[in-house]
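In the working numbering, each number is its position in the first sequence, counted from 1, plus 5.
If you are wondering where the hints come from, they were derived from the structure by calculation, not from laboratory data. Predicted, not measured: the structure shown is a model, and the values here were computed from it. Where a beta carbon is used, it is the ideal one built from N, C-alpha and C, also for glycine. Any given hint could be a false lead.
Listed next, the in silico DMTMM-like pairs over lysine to aspartate or glutamate satisfying Cα-Cα at most 20 Å (straight line) [said to hold, decoys possible]:
no.: 1; residue 1: K201; residue 2: E61
no.: 2; residue 1: K225; residue 2: E213
no.: 3; residue 1: K225; residue 2: D189
no.: 4; residue 1: K249; residue 2: D288
no.: 5; residue 1: K12; residue 2: D126
no.: 6; residue 1: K194; residue 2: D123
no.: 7; residue 1: K258; residue 2: E230
no.: 8; residue 1: K269; residue 2: D220
no.: 9; residue 1: K68; residue 2: D92
no.: 10; residue 1: K194; residue 2: D126
no.: 11; residue 1: K182; residue 2: E232
no.: 12; residue 1: K12; residue 2: E296
no.: 13; residue 1: K285; residue 2: E221
no.: 14; residue 1: K225; residue 2: E266
no.: 15; residue 1: K277; residue 2: D115
no.: 16; residue 1: K140; residue 2: E175
no.: 17; residue 1: K249; residue 2: E232
no.: 18; residue 1: K50; residue 2: E61
no.: 19; residue 1: K239; residue 2: E213
If you anchor each label on the Cβ, the simulated ranges turn out as follows [unchecked claim]:
no.: 20; residue 1: K182; residue 2: N209; range: 26 to 34 Å
no.: 21; residue 1: E221; residue 2: Y80; range: 41 to 49 Å
no.: 22; residue 1: K140; residue 2: H96; range: 23 to 31 Å
no.: 23; residue 1: Q34; residue 2: D123; range: 35 to 43 Å
no.: 24; residue 1: G181; residue 2: E61; range: 46 to 54 Å
no.: 25; residue 1: P156; residue 2: E221; range: 47 to 55 Å
no.: 26; residue 1: Y192; residue 2: D92; range: 14 to 22 Å
no.: 27; residue 1: D123; residue 2: E207; range: 25 to 33 Å
no.: 28; residue 1: E179; residue 2: R208; range: 39 to 47 Å
no.: 29; residue 1: N293; residue 2: P236; range: 41 to 49 Å
no.: 30; residue 1: K182; residue 2: D253; range: 39 to 47 Å
no.: 31; residue 1: K182; residue 2: Y80; range: 19 to 27 Å
no.: 32; residue 1: N82; residue 2: T191; range: 17 to 25 Å
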Amino acid sequence: MTDQNPKTLIVVTGPTAVGKTSLSIELAQFFNAEILSADSRQFYKELNIGVARPDEEELSAVKHHFIAHLSVHDYYNVSKYEVEALDRLQHLFSTYNYAIMTGGSGMYIDAVCKGIADLPDADPQLREELNLQLKEEGIEFLRAQLKLLDPDYYQQVDLANPIRIIRALEVILETGKPYSYFRDNTYKKRPFHIIKLALQLERNILNERINLRVDEMFEKGLLSEAESLLPYQKLTALNTVGYKELFDYFNQKISFDQAKEDIKTHTRRYAKRQMTWYRKDPDIVWFNPSEKVKIIQYIEQQRRHEL
RNA sequence: GGCGUCGUAGCUCAGUAGGUAGAGCAGAGGACUGAAAAUCCUUGUGUCACUGGUUCGAUUCCAGUCGAUGCCA
């Protein structure tokens with residue numbers, strides 16, 4: 006591919022605690038770029054310690070976007086992020102040749118790189134109704150509705166997963182059209198190059214880092230951060246590892262030690278799910294976090310190749 | 001020291017009226033189209049503590065050894 010467009014988005018992803026933040030800052034400095042966070046929990050200003058937001062020093066070293074720009078009370082979703090990130094990229098590319106997107110939310114990264122179907126936002130009231138139906142009538146009831154309203158999607162959807170069924174019903178009931186009508190798996194072409202890389206560590210080393218980082222979070226005051234958010238525990242943004250376990254502790258469902266263990270376990274599982282997501286992306290090239298020189302060489306080589 | 005109970009998957013434990021065993025959790029793999037740090041699916045062979053004995057056959061019964069634990073001294 007040869008064209009004269011030099012604008013390049015460097016995507017740095019990988020499982021939680023692998024070392025994305027510090028590498029991104031170094032790359033941003035090297036390539037003279039700003040950083041866009043693609044971390045669906047670092048968006049929220051109330052979440053800091055528990056979501057390992059970059060510290061003040063890191064944030065002042067390089068300009069970051071999409072960090073602490075929302076409140077946990079705001080409704081947000083991938084599609085909004087797609088629009089806002091593309092808009093911000095266009096703006097950044099008017100002065101810079103590079104931008105760096107870093108974070109662990111695979112779906113959010115994909116929305117920016119590949120696009121996502123054009124669907125209506127969730128209607129909170131309808132969602133509440135459907136959740137109530139799930140609770141009172143059971144998942145079978147929702148399945149039956151879906152089967153009637155969108156037999157095609159009924160064939161494809163994970164019928165054990167209430168979230169998927171509810172989402173489809175939301176769209177159908179809001180628009181009067183089947184959910185499958187909106188689903189679109191064609192990739193959108195972006196007006197910039199994308200170089201995707203991911204960081205990887207051996208599982209047991211990553212697990213050690215996770216355990217260590219959770220301990221550090223507690224030293225930094227995670228307990229009081231979570232306590233201050235207890236009144237909002239029902240919010241979607243607070244259905245987050247590091248907080249929900251402490252809510253269980255505050256609600257006297259589990260002991261403090263158990264909560265701490267659960268946070269470690271759930272973070273490990275989160276990292277595992279992230280790996281599952283990235284592994285199937287053929288555009289990702291994998292590196293060890295320590296291979297900074299190699300990573301820079303790779304990026305430069307890709308650029309030369311594309312220009 | 002004596003008496004009792006226990007020793008089974010990484011952990012907690014079930015079970016086999018003698019035919020080599022199974023749950024939960026952890027772990028592993030996967031899915032994923034506006035809840036995504038969310039949500040969901042699949043996945044359990046391990047000297048049944050050790051050494052002998054009885055038996056066609058012992059993880060299961062018996063004896064001893066070691067370890068854990070409780071009570072009594």
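**Prompt:** For the pair supplied as a hint, K68 and D92, is the alpha-carbon distance within the 20 Å limit?
**Reply:** holds, 16 Å
**Asked** Has the given pair, K225 with E213, been kept, meaning a C-alpha gap of at most 20 Å?
**Response** Distance of about 18 Å is within 20 Å: holds.
**Request:** Given the hint that K225 pairs with E266, test it: the Cα-Cα distance must not exceed 20 Å.
**Result:** holds, 17 Å
**Request:** Determine whether the Cβ-Cβ distance between N293 and P236 falls within the hinted range of 41 to 49 Å.
**Result:** Hint holds: Cβ distance 42 Å, inside 41 to 49 Å.
**Asked** Does K285 pair with E221 here, judged by a C-alpha cut-off of 20 Å?
**Response** violated, 32 Å
**Request:** Mind checking the hinted window 39 to 47 Å against the Cβ distance between E179 and R208?
**Result:** For R208 against E179, whose Cβ atoms are near 42 Å apart, the range 39 to 47 Å holds.
**Prompt:** Is K269 close enough to D220, meaning Cα to Cα at most 20 Å?
**Reply:** Satisfied, since the Cα-Cα distance of roughly 9 Å is no more than 20 Å.
**Prompt:** Between K182 and N209, does the C-beta distance stay in 26 to 34 Å?
**Reply:** For N209 against K182, whose Cβ atoms are near 49 Å apart, the range 26 to 34 Å is violated.
**Asked** Can the suggested window of 35 to 43 Å be confirmed for the beta-carbon pair Q34 and D123?
**Response** Holds, at about 37 Å.
**Asked** Is it true that the C-beta distance of N82 to T191 lies inside 17 to 25 Å, as the hint says?
**Response** holds, 20 Å
**Prompt:** Within a Cα-Cα threshold of 20 Å, do K239 and E213 meet the stated pairing?
**Reply:** Status violated; Cα separation ~31 Å.
**Request:** Take the C-alpha atoms of K194 and D126, compute the straight-line distance between them, and say whether it is at most 20 Å.
**Result:** Answer violated: K194 to D126 is near 23 Å, above 20 Å.
Taken one by one, the earlier hints fail for this structure at numbers 1, 3, 4, 5, 10, 11, 12, 13, 19, 20, 21, 22 and 27, listed in ascending order.
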